[in-house]
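Visitor: Each chain, written out:
Number of protein chains: 2
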Amino acid sequence: MADANQTIADRIQERLDDLTRAERQLALSILGNYPASGLGPLAALAKGANVSVPTVARMVQKLGYKGYPDFQADLRDELGAMAKGPIAKHETWAGAAPSEHVLNRFTEAVIDNIRNTMAHIDPDEFDEACALVADPDRHVHVVGGRITHTLAEYLFMHLQVIRPNVTHVQSTSNTWPHYLLNAKAGDVFVIFDVRRYENNTLKLAELAFARGAKIVLFTDQWRSPVHRMANVTLTSQIIVPSAWDSATTIMLLAESMISAVQTQNWEDTKDRMQELEGIFDKTRLFRKFT
Amino acid sequence: MADANQTIADRIQERLDDLTRAERQLALSILGNYPASGLGPLAALAKGANVSVPTVARMVQKLGYKGYPDFQADLRDELGAMAKGPIAKHETWAGAAPSEHVLNRFTEAVIDNIRNTMAHIDPDEFDEACALVADPDRHVHVVGGRITHTLAEYLFMHLQVIRPNVTHVQSTSNTWPHYLLNAKAGDVFVIFDVRRYENNTLKLAELAFARGAKIVLFTDQWRSPVHRMANVTLTSQIIVPSAWDSATTIMLLAESMISAVQTQNWEDTKDRMQELEGIFDKTRLFRKFT
DNA sequence: ACAAAATTGTGAAAAATTTATCATCCGCAT
DNA sequence: ATGCGGATGATAAATTTTTCACAATTTTGT
Chain A
1218 MADANQTIAD
1228 RIQERLDDLT
1238 RAERQLALSI
1248 LGNYPASGLG
1258 PLAALAKGAN
1268 VSVPTVARMV
1278 QKLGYKGYPD
1288 FQADLRDELG
1298 AMAKGPIAKH
1308 ETWAGAAPSE
1318 HVLNRFTEAV
1328 IDNIRNTMAH
1338 IDPDEFDEAC
1348 ALVADPDRHV
1358 HVVGGRITHT
1368 LAEYLFMHLQ
1378 VIRPNVTHVQ
1388 STSNTWPHYL
1398 LNAKAGDVFV
1408 IFDVRRYENN
1418 TLKLAELAFA
1428 RGAKIVLFTD
1438 QWRSPVHRMA
1448 NVTLTSQIIV
1458 PSAWDSATTI
1468 MLLAESMISA
1478 VQTQNWEDTK
1488 DRMQELEGIF
1498 DKTRLFRKFT
Chain B
1218 MADANQTIAD
1228 RIQERLDDLT
1238 RAERQLALSI
1248 LGNYPASGLG
1258 PLAALAKGAN
1268 VSVPTVARMV
1278 QKLGYKGYPD
1288 FQADLRDELG
1298 AMAKGPIAKH
1308 ETWAGAAPSE
1318 HVLNRFTEAV
1328 IDNIRNTMAH
1338 IDPDEFDEAC
1348 ALVADPDRHV
1358 HVVGGRITHT
1368 LAEYLFMHLQ
1378 VIRPNVTHVQ
1388 STSNTWPHYL
1398 LNAKAGDVFV
1408 IFDVRRYENN
1418 TLKLAELAFA
1428 RGAKIVLFTD
1438 QWRSPVHRMA
1448 NVTLTSQIIV
1458 PSAWDSATTI
1468 MLLAESMISA
1478 VQTQNWEDTK
1488 DRMQELEGIF
1498 DKTRLFRKFT
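Chains A and B are the protein sequences, given in the same order.
What the first sequence shows, in the working numbering, is residues 1218 to 1507, in sequence order.
What the second sequence shows, in the working numbering, is residues 1218 to 1507, in sequence order.
Everything labelled a hint here was simulated from the structure, so no lab data went into it.
This structure is a prediction, so every number in the text was calculated from the model and none was measured.
Wrong hints could be hidden among the right ones.
You can't tell identical chains apart in this list, so a pair holds if it fits in one copy or across any two.
[To be verified] Straight-line C-alpha distance at most 35 Å; calculated DSBU-like pairs for lysine-lysine:
| no. | residue 1 | residue 2 |
| --- | --- | --- |
| 1 | Lys1401 | Lys1279 |
| 2 | Lys1420 | Lys1279 |
| 3 | Lys1264 | Lys1401 |
| 4 | Lys1401 | Lys1283 |
| 5 | Lys1283 | Lys1264 |
Take these sequences, add in the hints, and give me the full structure.
Guide: Now the structure itself:
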């Protein structure tokens, strides 16, 4: 049966490389909510992992079991042995790394940030921001600073697919005054600004504001001075055990916004995506599979 | 099905008095090694409790289930909820927004991704990757593709502060072959590649590999083909309710790496940061306060 | 670009598990 | 004692689940 002191999850993990694509997809699904999913009927497991029924049967045989019921029996044994100790033991279920490891300390901090951020966000404000960004009649300018320009670009890249009339402005570059020439009342500026807050960004915001543009601000818990001019301020908590701040929570918010905007503009987005796919296929930039 | 916050074990315990002799005998057996025994076949459970098969069927119906499989499903759900641990509990982070709101659905997915990713990562491999990236004798090339170049740039930006000899290569640009000219054995390539995997990235990895460079790969659960050449592969789960994938988990990993590398090189980093601060002060790019 | 090998999925057969039916048993009151 | 009612268990029917054989598809090597 199993080697002593090695869970079935470990063994699956170990043999991940020997598995084929569909099998790996299945394996990850099993590990995904382990061990519950493996204890249900084979068909349910297959469906959950989006693979066919025989793939499951084949994989468990590859793992050395006579059949699926045999595999389940082993899982139950493991569960039985485990139940003697506390089930929620961190190392066993939550992660492979010891709790002192950077990975865990960092992750814990980030999850804490997320929790805090979500607790303070006003969904109506968020929706308002999304509505502004989704409105095809408004030109959207995405603005980032020294650190945040990566986030800005990420948002920009996706918005570009979803809708027309999006530009990316880098406040640290000296070309941004040119962009403002084209800005008119009703345009939207999505501004990323976290500490240390940048003078350029503030100036840009002021000018945009003076021209009657709407401002959506992504900032940290100490709030960029831009927030005085912002129509919507989305505040993220960004503290982590490091000399820098974390951008992860802000990215989560940005991605949520992308998802929301995409849903609102889905009819258009669909067409634009298909077009994009077509272009990619022609340029052979991407591999079709694997 | 079940009352919130009440395990099935609790409910069985509670109704112990309503049960007949054989049923009680069975119930105690279930509770005996809970929940493993309840997840096996009905016949095995009956045998283990020394009762007949129909007794089991009758008891689960008495407990309010439609049949034995229904009972098992509930057990599995409970097990799944328990294994996910306190992080995934919605109440612990869901804030002001209603649970159907994009923000909450998205956040839930991302937290799930994080949990999954951390469960699969081998801390030793992670450490190995960090050691490679931290080694000042090796030149580090950070490589990103169409979507991931923002992540690559983010990592690059921070590494630049932490250590010398870092370059950022964009695999989608046609300048990358030039960078390879300077690459020598022992150099490190940190490559970001998520689906759809890019041919350029793969080519670049192949050439770097041929030149004897070390490869650290950030990829998704379906694993870029680059992983065959990688010394360390860091796999993230990136599924979210959207037409696109999420980069948040990958960013978390990248930030963790930054944090780890920074700690290892702290003496140097400190000096470099101070220098950087000095330059910023001179250029008045940032605001001192507020 | 082609052919061979491998992977994956579909549908039917086989095996198992679960449910239903009914006879038996036990405790209990008359 | 004996007959009654509920509880229990053996067996058969029904359903579900698993396994098997084969076809379609995809990947890999030349």
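Visitor: Against this structure, judge whether each hint is valid.
Guide: Results of checking the hints against the structure:
| no. | hint | result |
| --- | --- | --- |
| 1 | Lys1401 <-> Lys1279 | neither (64 Å within a copy, 40 Å between copies) |
| 2 | Lys1420 <-> Lys1279 | between (63 Å within a copy, 32 Å between copies) |
| 3 | Lys1264 <-> Lys1401 | neither (51 Å within a copy, 47 Å between copies) |
| 4 | Lys1401 <-> Lys1283 | neither (67 Å within a copy, 49 Å between copies) |
| 5 | Lys1283 <-> Lys1264 | both (22 Å within a copy, 23 Å between copies) |
Of the hints listed earlier, those the structure fails to meet are numbers 1, 3, 4, in rising order.
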